[in-house]
Structures are given as C-alpha cells and as structure tokens.
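Residue numbers (this note's numbering), protein chains in the order written: chain E, 1 to 330; chain R, 331 to 660.
Calculated from the structure, these hints are not laboratory results. Computed from a predicted structure; not experimentally measured. Glycine included, each C-beta is placed from N, C-alpha and C at the ideal position. Careful, some of the hints might be misleading.
[Stated by the list, open to error] When the alpha-carbon atoms are kept at most 30 angstroms apart in a straight line, the in silico DSS-like pairs for lysine-lysine are as follows: (1) R:K608 - R:K370; (2) R:K608 - E:K278; (3) E:K45 - E:K78; (4) E:K78 - E:K40; (5) E:K278 - E:K40; (6) E:K324 - E:K40; (7) E:K324 - E:K278; (8) R:K655 - E:K278; (9) E:K325 - E:K40; (10) R:K408 - R:K375; (11) R:K375 - R:K608; (12) R:K655 - R:K370; (13) R:K608 - R:K655; (14) R:K655 - E:K325; (15) R:K408 - E:K324; (16) E:K325 - R:K608; (17) E:K278 - R:K370; (18) E:K278 - E:K325; (19) R:K655 - E:K324; (20) R:K408 - E:K325; (21) R:K654 - R:K608; (22) R:K408 - R:K370; (23) E:K40 - R:K608; (24) R:K370 - R:K654; (25) E:K278 - E:K45; (26) E:K324 - R:K654; (27) E:K278 - R:K654.
[To be verified] To give an idea of the chain E side of the interface with chain R (calculated C-beta under 10 angstroms), a few residues: (28) K78; (29) I298; (30) F321.
There are 2 protein chains.
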Amino acid sequence: MPEAEVRATVERILAGEVRAAARLIRDLDDGVPEAREILKHLYPKTGRAHIIGITGSPGVGKSTLTDRLIQHLRAQGKTVGVVAVDPTSPFSGGAILGDRIRMQRHATDDGVFIRSLATRGHFGGLTASARAVLTVLDAMGKDYLLVETVGVGQDEVEIAATAYTTLVVTVPGLGDDIQALKAGLLEVADILVVNKADREGAERTYQDLVTMLDLRFARETPPWMPRIYLTQARRDQGVAELLAGIQEHQAYLAQEGGQALRAAQRERVRQEFLELLKEGVFARLVAFLSQDDRLRTILEDILDRRTDPYTASEELIAQTFRPKKSATEE
Amino acid sequence: MPEAEVRATVERILAGEVRAAARLIRDLDDGVPEAREILKHLYPKTGRAHIIGITGSPGVGKSTLTDRLIQHLRAQGKTVGVVAVDPTSPFSGGAILGDRIRMQRHATDDGVFIRSLATRGHFGGLTASARAVLTVLDAMGKDYLLVETVGVGQDEVEIAATAYTTLVVTVPGLGDDIQALKAGLLEVADILVVNKADREGAERTYQDLVTMLDLRFARETPPWMPRIYLTQARRDQGVAELLAGIQEHQAYLAQEGGQALRAAQRERVRQEFLELLKEGVFARLVAFLSQDDRLRTILEDILDRRTDPYTASEELIAQTFRPKKSATEE
C-alpha cells in the first residue's frame, strides 16, 4: 500500500466511512503491516468518545441490554460504536451469528458500527484486537463506544474495567453471581445492573447489592458511589434511567477539569501499552526462534532432559533482552 | 534459602512428600526465587506421568467425572495428581471451595494430590502456573495427572489440549454445545464423553457426535479415531469403560517406539516453553519500565498525543530486544 493510499484511508476513516473502517479492521486481523501504520495516524484523533464497558456472566442479557442502549443513544442523536468480545466463540460461532442478527437491526443506520471479536487476530491477543477496533471507532468520530465482554477470565473483565464507565450486569436468582460480584466484579463496577428484573428475587438481589456496597464503603464515601439499576432490557424497562445514570457518571468524570477522566484514561492507556509490549516482544522472539531451526533444537534438548524449559527460556531471554542504557545513564 | 535446603526440598518432593510439594507450589505462586530453582532441579525427573486433560463447558460435570476417575485409578493402585484450572474463580471463590470438598474425600489418601488454581500467581499466567504444578506432581512420581479446565477461552482449552489424552465432556440437550464441539473442541478431543447420559436426548447427542466424527474423517481414518463414551459420573455409570478407553489411548501413544507420544510431548513442551518466554520477557520489560519513572513518562506522552501506544511500544522493543548473534553467525 503506497503512502498516498495510507493517507487516503486515514482521511476516509476520520470522515466516518464505514467501508474503509471495516476494511482496516479486517487488515489488522490479517496482520497487514500498513494497517498498523494507519492506526498510528488515527491515534492522535482519538480520545473524544466516551467508552462504556458492559460485562457479566453468560446469559444475563448483555447483548439485549447493549442493543437497547444503542437505541436510546441513537434517539439522543448520538453515534455509537460497539465491540463485543466473546472468547467462547471460536467454539460456538456465536459472535458471528450475533453480529449478523444485530447488524440487521441497525443495518440501515450509518450512526451505528458493530463488530464482534471471537478469535485472536494477527494483531495479538483478543483484547489487543478489541482495543485496536476501539481506536478505529473512536477515530471515526463515534460519540459512544460500547465494549461488551463476558465476565469470565481476567482479560475479558479487564477490557470492560478499563472503560470510562463500567457496567456490571447480573440477574435475579444467580446465587453464585452475587458471590462473583462480591469477590471481584464489584470492584470494577461504576454501575450495577439487575437485568431480567421481572424474575422472582429481583428485590432480594437489589438489596444484596445495596448491602454489599454499604459494607464496602462503610468507612468512607467514594467520590463516585456505584449506582444500581433494575432493568428488563427485552421490554425496554428501566433502560432510559440506566442511560441517564451512565451520563451522570460521564458528567462526574468531566467535572473539576476532568481529573477523574484523566485518571481513567491513564489506566486505560497503561493497559493498552503493556499489552502491546507483551505481544510485540513475543512476536519478535518467535521470529528469532524460527531462524536456523532454533526452536526445534531447544525443544529436543528439553525433551531429552539436557535442559529444562525454565532454564532454556531464561537463557534465550538473556540472549535477546539487552536494554540499551539511556543517554543520561551513560 | 541456602543451596543445601534447596537440595533437601528437591529430595523430599522426589520422595513424594505432600507437605514439601504443597509448600513449593505456594512459593511458586508467591514468586519466591528459589522455588523456580527447585523446579529446574525437578524437571529432569519428570516425563513419566500420563497426563489427561478434561475440558468442557461449565455445568457438564467435569469435577464429578474427575472425582470418579480418581477413584477408579486408585482402585488400580495408581497414584494421581489433579490440577483444576478455573479462571472464573477469582470472582466466585469456586476453586477454593471445590478444593476443600474434594480434598476432604481424598484427605486421608496419600496417593492423591489435588490443587485448584483460580488466579495468576507471580509465576506468570494461569496456565503457566498450572504447568508448573504439573511438573511438581510429575516429579513426585504420580502415575496419572488430571488437568481439569473450563472449555471457555483459548488458554484454558489449550492446556487441556496439550495433555497426552484429552477428554472433551458434554451433556445431552446442550444444543449450543454440539455447535461448540463442531467448531473447535472436537479438534482437540481424543475421547468424547456424554455425561449425565440419563438425561433426555443422550442418544441423539451420541448420534450427533458419531456423525460429526464420520464427516470429519470421511476421507481418511486417523491413526487414533476418537472414542465416544456415555457416562453418569454421579452414579459411577460408564466410568470404568471410560478409563479403559483412556488407557487404550495411552497404549496407542506408546506403541511403535512411542512416536505418537513423543509428538504429543513435543507439542506440550513447545507450548510451555513459549508461555515461559512470553511471561519472562514481559516481567523484564516491566522491571525496566519501573526505573526512573519511564512508564509514567511514556503514558503521559501517549495521553497528550505526543506519541501513540503502537509507536511507543515499538520504540521500547527496539531499545530492549537486541538479540546477540550466535557464535556461528559471527
């Protein structure tokens, strides 16, 4: 791809062109080198979109809730980008199917762009791919970006947790789920959602969450006290109120010169940068190992117990990881 | 820990001492440097245990099945080590609870050692921790090692898939699950288990699996044709037959000078080595970044759009990843 074409693509994406964005995302997945260059050109134009993370166990209705939030945001005249991360999907094909169904509903709406990710692309890990897609959608000028992830596995939780406003979704009667919220997901929630609130036990679940928050913040009130909303996404009950809550959180982050927002952005950038480092350096190592049968030789040495994987990996790292001293240290 | 103590610990673990092994595993989790040295000393003594992977969706009864397999193996006089990997557990505490329940049943049996892993220890990723524990159990002289993982997420599937005999467990009536098997889990299965076979639809599920295998191997019969077993683990129905199938697969791997076993071992070592590399190099990078506020400076540059995370990570990698040429190349 010649330099002129790179620049043309950047311009088209900044203008919000769906086809150019979709192609770039495909190219990122396929490991096309120019795609990464385009991403670098797009990055300076990002940082405007408000990123909302939506996480929770399978079956709590995250997709339906996302769908409703899109509708309400569109009714406000906001443009929306959606990334759904579903690591179970290499095995279920679910993401692709879900994509098609949701795409259909919003197919004729230029203000919505939805992308599901199920497999690691060449870009790196699944979350690295998701972050790259978010960069593209942000550069397209979307007002809101929704990241929907299954709340299983630390990577998936992390990407929702590094959104600016994080929703943790549960349903009544999932006894385990309350346990789950207690132990980890609660920590990352700015907003708690009890979906399928027409089910038996909704009030109980709500009260449990109130008690948990009270216990957690018994000593001091946090700058943002997590809110709890009851919704029935399928019937569009409570979703308008939920969106109002999300936008109150957005306003909270922006107040006092946006200090809280800056802190959230810093944490987000930190995660993204470290993930890119990890994947990048690993890619170099693999390329290094593919030369001269190096990998095969090491594996045979380990198999025959002439060395062990711990020593072999340490030796290879010592041989390749040799930081240059910075100018001030020399 | 002085050198003499390292050697004493190694001897105790090789002698099968449970307390020494349990302590080493704790030390590995806590990142105690000597723990890794001990692991290096243990490695040459490993490679004898037969490793069985057990994976499948949540709720298919993997734990109960594992429990029954332990009983049957013990009845044969075999010693058993178990590692259960459950990444959902940082949020549910499930692994620890499950551990206690299972430990109780086998608490007085020195021939069984069970360890559940739910969180990433200092050793690296969750699967890296699991592999380290398997090394310890192998060195202890266990005849069989069972690795139970949730079949959600590529890492979890991978560690079961790199066992020598991989069981994929499903239950009747999980329509999605058959889809799941089709798309990915089927690829890694040496043995398919339809558990809870008293449920409606068991015969249908069995037939679906037969059809799938027929389709997959329509062109040529593989050296090992995956077997399908119907079980009711809770009532101990079909488990003896399943174990016979596992041991037939073990015998298949060992035949003709053990070529097939060697191939399975090579793939296993490859995964382990690459994971150790990835985690090891990342740890070095993080240590490097923690000097002189380096990380903070980079993050501020990205936040203020003076650079972007892609460029910044590439620059840092160029500064630190500088492979020495090997002697023959110089």
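Could you grab the alpha-carbon distance between E:K324 and E:K278 and see if it respects the 30 angstroms cut-off?
18 angstroms, holds
Interface hint for E:I298, Cβ within 10 angstroms of any Cβ on chain R:
Since the shortest Cβ distance to chain R is 7 angstroms, the answer is holds.
Given pair status - R:K370, E:K278, alpha carbons within 30 angstroms
Since the Cα atoms of E:K278 and R:K370 sit roughly 25 angstroms apart, the hinted pair holds (cutoff 30 angstroms).
Within a Cα-Cα threshold of 30 angstroms, do E:K78 and E:K40 meet the stated pairing?
Given pair E:K78, E:K40 holds - Cα atoms ~26 angstroms apart, limit 30 angstroms.
Given the proposed pairing of E:K325 with R:K608, does the C-alpha separation stay at or below 30 angstroms?
Distance ~23 angstroms between E:K325 and R:K608 Cα, so the pair holds.
Within 30 angstroms, alpha carbon to alpha carbon, are R:K654 and R:K608?
18 angstroms, holds
Pair hint outcome, R:K408 versus E:K324 [Cα-Cα no greater than 30 angstroms]
It is violated: about 53 angstroms lies between the C-alpha atoms, which goes past 30 angstroms.
If you draw a straight line from the CA of R:K608 to the CA of R:K370, is it 30 angstroms or shorter?
Answer holds: R:K608 to R:K370 is near 18 angstroms, not above 30 angstroms.
Are the Cα positions of R:K408 and E:K325 separated by 30 angstroms at most?
55 angstroms, violated
Do the alpha carbons of E:K278 and E:K45 lie within 30 angstroms of each other, as the hint requires?
25 angstroms, holds
Pairwise hint evaluation, E:K40 against E:K278, where the allowed Cα distance is 30 angstroms at most
18 angstroms, holds
Below or equal to 30 angstroms on CA atoms is what counts here, so check R:K608 against R:K655.
20 angstroms, holds
Going down the numbered hints, you'll see the structure goes against 15, 20, 28, while the others check out.
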